[in-house]
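J.: Below are the chains, spelled out letter by letter.
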Amino acid sequence: MKLTENQIDSLYKFTRKHYVYFYDVQTELVDHLANDIEEIWEEKPNLTFEDARDTSFKKFGIFGFMDVIEAKQKQMNKRYWKILWRFFREWFTFPKVVTTVSIFVSLFVVLQIQYSEYILLGALFILVSFDLIKQTKSKKKHKKKEQKKEKIFLLESMIGDTRQGFSGFAFINIFNSINLVKVPFSTLGIYWLLLISFSITCVILLFYVTGYLIPQKAQELLEETYPEYKMVNNL
Amino acid sequence: MGNQKLYKGSLQTIILKLLETNDKMYGYEITQKVKELTKGELKITEGALYPALHKLEADGLLDVEIAKVGNRLRKYYKLTESGSKETANKLEEMQEFLKTMQHLVNPKLSLE
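As you go down the protein sequences, you meet chains Z and B in turn. Under our numbering, the first sequence has 26 at position 26, and the numbering climbs by one with no breaks. Under our numbering, the second sequence has 110 at position 110, and the numbering climbs by one with no breaks.
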């Protein structure tokens with residue numbers, strides 16, 4: 001006996017109810033449960049769909065789908081870092097390296113001005129505000145998609161929301177640390193200034209890559225990661 | 001059913017070996033195949049299989065393919081190039097391990 005379309009849909013709902021929120025993870029589990037239910041029916045054809053489903057789910061152990069979700073999250077984190085690294089690296093090759101060097105040199109020059117820490121704090125404050133607005137918008141979009149019950153892929157949510165922590169909140173932390181240390185940058189030695197300029201350059205690039213470049217390329221990256229992405233969206 | 005704990009560390013090797021012989025497989029198929037090959041002696045649990053598959057995929061040893069089968073989507077796994085190389089390594093390691101265990105468990109046989 002084969003599962004009907006409605007039963008497949010109800011399996012998707014079942015995985016959702018058991019904390020599997022992303023379509024890519026759901027799909028694999030639904031196929032697994034469906035195969036197992038069909039196998040169970042061969043031996044016990046009188047079992048109801050719900051009973052067969054629960055029998056199959058029990059085989060996942062007391063933590064249910066948790067282990068699967070966790071492993072998938074880890075795998076995606078790795079993939080996200082790879083993507084991030086790929087984009088980040090580009091800024092150290094020609095022609096983009098020109099921009100990188102310009103940022104670095106400007107920072108280095110500005111840091112030597114008296115009261116440079118206030119200039120830096122001001123710039124950071126503006127950046128944080130912009131980013132928080134952008135993030136709120138992205139979260140709203142995500143929620144709308146969720147309400148419409150559209151399919152959301154794990155990587156899609158990472159690109160839009162979490163961004164591996166490189167968000168406005170990370171900047172607030174930097175803001176606070178600069179504020180707390182209270183060392184006038186202009187009095188620091190040249191090696192310190194070089195190091196600080198380089199670190200801030202990297203942070204700015206990471207922020208730009210995670211917040212703007214990767215989201216812009218989201219469609220392409222999702223198609224590259226998920227062979228089913230195009231198929232599902234055309235259904 | 002044997003002691004499942006003893007098999008635990010070999011799960012990745014088992015998956016890689018199966019994919020080496022069968023080209024591409026999906027999760028459920030792997031559990032069934034193992035059951036069939038070991039005559040029910042080894043049952044890979046669902047909670048262990050998928051995490052192992054996802055880890056191998058993250059390490060670049062496996063690639064995925066999606067196909068529509070009947071009214072549902074199915075995710076197939078297959079070896080990448082580095083996956084094939086790693087399979088050879090892992091199988092060699094496994095042979096070594098078996099030999100060492102043989103020496104320990106059954107010293108008489110290993111006297112040459």
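Derived by calculation from the structure, the hints in this document are not laboratory data. All C-beta atoms in this analysis are idealised placements derived from N, C-alpha and C, irrespective of residue type, glycine included. Don't take every hint at face value.
[As the list claims (entries may be wrong)] Interface residues of chain B toward chain Z, partial, derived using beta-carbon atoms under 7 Å:
hint, residue
1, Gly47
2, Pro51
3, Lys75
4, Lys78
J.: Identify every previously stated hint that the structure contradicts and give their numbers, smallest first.
T.: Hint 4 contradicted; others consistent.
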